[in-house]
Amino acid sequence: MSQSIVAVDRITKRFAGHTAVDALSLTVPPGVIYGLLGPNGAGKSTTIRMILNIYAPDSGTVRLFGEEGTGRDHSGRIGYLPEERGLYPKMRVLDVLLFLAELKGVDRRAARPKALDWLARLGLSDWRLRKVNELSKGMQQKVQFISTILHEPDLLVMDEAFAGLDPVNSQVLKDTVLELRGRGKTILFSTHIMEQAEKVCDHVCIIARGKKLVDGTLADIKRTHGGRHVAIAFDGSGGDSAAAAVLADRKLIAKANDYGQYAELELAPGADAQEILRRLVGAGVRLSRFEQVEPTLTKIFIDLVGPDAARAAAVPEAAAHA
Amino acid sequence: MRKTFAVIRREFIERVRTQWFWVGTILGPLLMAGIIGSQVLLAARKAGDRSIAIVDATTTRFGQELTTQLGAAITRFHLTRIPHAPSTPDSLLGEVEAKHLDGFLLISDSTLEFGTAEYRGSNVSSVADMEQLENGLRRLVFAARLERRGIDTLLVQQAEIRIRLATHKVSGRKLTGESGTQSFLTGFGMAILLFVAILIYGVNVMSSVLEEKTTKIVEVLISSLRPFELMLGKVIGAGAVGIVQLTVWIVSAKVLSGASARMGTGGAGGLGGPGAVGGFQFPQIPTTTLIIFVLYFLLGYFLYAAIYAAVGAMSSTEAEARQAQVPVQLLLMIPYVSFFGILNDPNSSLAVWMTLIPFWSPIATPVRWGASPIPVVELVASLAILLVTVAGVTWVASRIYRVGILMTGKRPNLKELFRWVRAA
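One line per chain: the protein sequences are A and B, in this order. Mind the numbering: the first sequence is residues 68 to 389 in my numbering, read in order. Mind the numbering: the second sequence is residues 570 to 993 in my numbering, read in order.
Bear in mind the hints are in silico, worked out from the structure with no lab data behind them. Note that this is a predicted model, so its numbers are computed, not measured. Positions of the beta carbon are idealized from the N, C-alpha and C atoms, including for glycine. Some hints could be false.
[As the list claims (entries may be wrong)] Pairwise CB distance ranges, derived in the manner of DEER restraints:
1. Thr857(B) <-> Asp174(A): 53 to 61 Å
2. Lys785(B) <-> Gly190(A): 19 to 27 Å
3. Phe82(A) <-> Arg571(B): 14 to 22 Å
4. Lys785(B) <-> Gly172(A): 18 to 26 Å
5. Arg795(B) <-> Asp242(A): 51 to 59 Å
6. Ala953(B) <-> Arg197(A): 48 to 56 Å
[As the list claims (entries may be wrong)] A partial selection of chain B residues facing chain A, derived with a Cβ cut-off under 10 Å:
7. Arg579
8. Ile582
9. Thr587
10. Gly597
11. Arg645
12. Thr649
13. Glu700
14. Glu781
15. Leu790
16. Leu794
17. Glu889
18. Arg891
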């Protein structure tokens, strides 16, 4: 439909003879939850830092909100939660929030009621005048999260979003993220935990060793990667011969295991499961079950990056961040 | 600019809120007041009466004469002559302990022959008392020895004349009304203040950079504003704290110097009182000196703060940073330790070079100015070189800062630093 929120075009970043990100392109449409997935050391953080203009890419371009200017120029519209969390330990909670809002271009006076509101929502009102280092880790996480959304960004970028969060904060984060998406905001986050990504992402991009392996909507990816199996069951009222004719069509079905009342089909390349269903129904076959067997994201992920993940694990974490 | 201002504001407010700021701000003048106060007290104590016994073991009339003449010369010394007996010193010690006596002087024939005498008392640490006593003894022994040779003491007294060398600092073509001692004190004070202030506030910038790096908050900051804006904000913010603190110190110094002048610490008087003793006078600081001081403090601070910011950025831990800043501190120490040389000969080639070399001129120039006027050409050259260096160093430091704040792991070597600076 409209302009993409983030358009990354063949960005490359090298660190001391090691290519962290290699000609990576991705597009984040507006109003989606976009997951940047990959094993440790895949280049997720480096990609995010280039999107935010913390690092300048060695080559390639990043375009935000369909407009000119770097991530820093648009920083007022972006909220960023880095992988390594941290606040000023000796500052008061409210002061930290106001300071970070100021850096996002929000006036202190305008930021104050919003900060107090958020602190109240997350149960931290009594702590607003305490120093950050007097708070528990979980509370600090909440404060940091408030700081990333206080200025009501259009784009929320979270690196390893759920890493290190306790279950309560994890829930708070997920709820807030979904609420933001509901208000038309765009969320880009990286993670290596596929179960989480599968639950919340609309779009994903899987990268390994700095290169993109696949991207698109979650549904598309499932369809194209392993969404190639269909299980059907006949209701036993005949029409088997009609079914056999459909199943024999090699343009639709690469392989079929017919057990009589139940069959497992592997789709031919380019074939659409919906077409098989239509043909079967059209031929008068009565079905009690028709199911596209979807692989989990975890399975797709391991299929795609399995060997790479093993190799990436051999690379020290520091090299990926250096 | 608004974001830089937010950084300045944070840096300033957070620093002013710490206890250390208040301790430093208040303790500085208190320390000064303490020094001046103790000088005043000392001066007051000097005028106090002392009762001293003179234990006379001489076989001549010298002991008797000495007692009368010394008592006449130093009226605040109340002297009693006691003929020497083996038990006298012990019994007198009891008197001193009971505070009936401040002390006792032991004289014998060898006082006249070899100039030896002994004083035991509770006031031996009083420089003024001892100096007066010693001076008085010297004169009397001197006179007695002359007399023994048949020389008229009156003649000697007439021939003898005390030289009083008045030292006045010349600035331009007029006298500044500053004495040599005051010039020295001004220079000394400025050297300490500049060294300490530049060092403290520079290190503050360093630890502030390091704090943001170790807490990882720097990544959030850098996604919002340019590294240079952040660095500039820090340097200005910490510098503003310095200005406030220095202002408090200088104003209180002015007030205190006025107060100490009113209380009058001078007037040693008496026989052989050399005037300088206890004559601590807080120097009057002329406005031009103050302007030079503030100007060079600011430029020197900016120069070193930029370097300290880079040092903070290239380190990963507090310990590493402390180690890395040692060369910087040594660089700043050079003009500080050579301030005596500069004061001694403000127009020597050492002093001139120190004024021109930008890493040293922030301390050396005000010190030199405090001692002697600097030719305008040299002053302009010094300022110009310093300004250019501040700009250049800030540029280099900001390049190192930009790369360093996002770096973890080992500290870069010089080659790597060079690459950071060159990096686009």
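Now the hints, each set against the structure:
Checked against the hint of 53 to 61 Å, the C-beta distance between Thr857(B) and Asp174(A) comes to roughly 43 Å, which is inconsistent with it. In this structure the hint that Lys785(B) and Gly190(A) lie 19 to 27 Å apart at CB holds, the actual value being about 25 Å. Between Phe82(A) and Arg571(B) the Cβ separation comes to about 33 Å, which falls outside the hinted range of 14 to 22 Å. Separation of Lys785(B) from Gly172(A) is about 22 Å and conforms to the stated range, judged on CB atoms against 18 to 26 Å.
As the Cβ distance of Arg795(B) to Asp242(A) is approximately 35 Å, the hint placing it in 51 to 59 Å is violated. Roughly 50 Å separates the CB atoms of Ala953(B) and Arg197(A), a value that falls within the hinted 48 to 56 Å. For Arg579(B), the shortest C-beta to C-beta distance to chain A is roughly 5 Å, which falls under 10 Å, so the interface hint holds. For Ile582(B), the interface hint holds, the least distance from its beta-carbon to any beta-carbon of chain A being 8 Å, beneath 10 Å.
About 8 Å separates the beta-carbon of Thr587(B) from the nearest beta-carbon of chain A, less than 10 Å, and the hint is met. Hint status for Gly597(B) relative to chain A: violated, with the closest Cβ pair at about 23 Å, above 10 Å. Checking Arg645(B) against chain A by beta carbon gives a least distance of about 57 Å; that is not within 10 Å, so the hint is violated. Taking 10 Å as the C-beta contact cut-off toward chain A, the hint placing Thr649(B) at the interface is violated, the least distance being around 67 Å.
Taking 10 Å as the C-beta contact cut-off toward chain A, the hint placing Glu700(B) at the interface is violated, the least distance being around 53 Å. Satisfaction of the interface hint for Glu781(B) is found here, the shortest Cβ-Cβ separation to chain A being roughly 8 Å, below the 10 Å cut-off. A least Cβ separation of about 7 Å between Leu790(B) and chain A falls short of the 10 Å threshold, and the interface hint therefore holds. Here the hint on Leu794(B) is kept, as its CB sits about 6 Å from the closest CB of chain A, short of 10 Å.
With a least beta-carbon distance of about 16 Å to chain A, the hint placing Glu889(B) at the interface is violated under the 10 Å criterion. Violation of the interface hint for Arg891(B) is found here, the shortest Cβ-Cβ separation to chain A being roughly 19 Å, above the 10 Å cut-off.
Taken one by one, the earlier hints fail for this structure at numbers 1, 3, 5, 10, 11, 12, 13, 17, 18, listed in ascending order.
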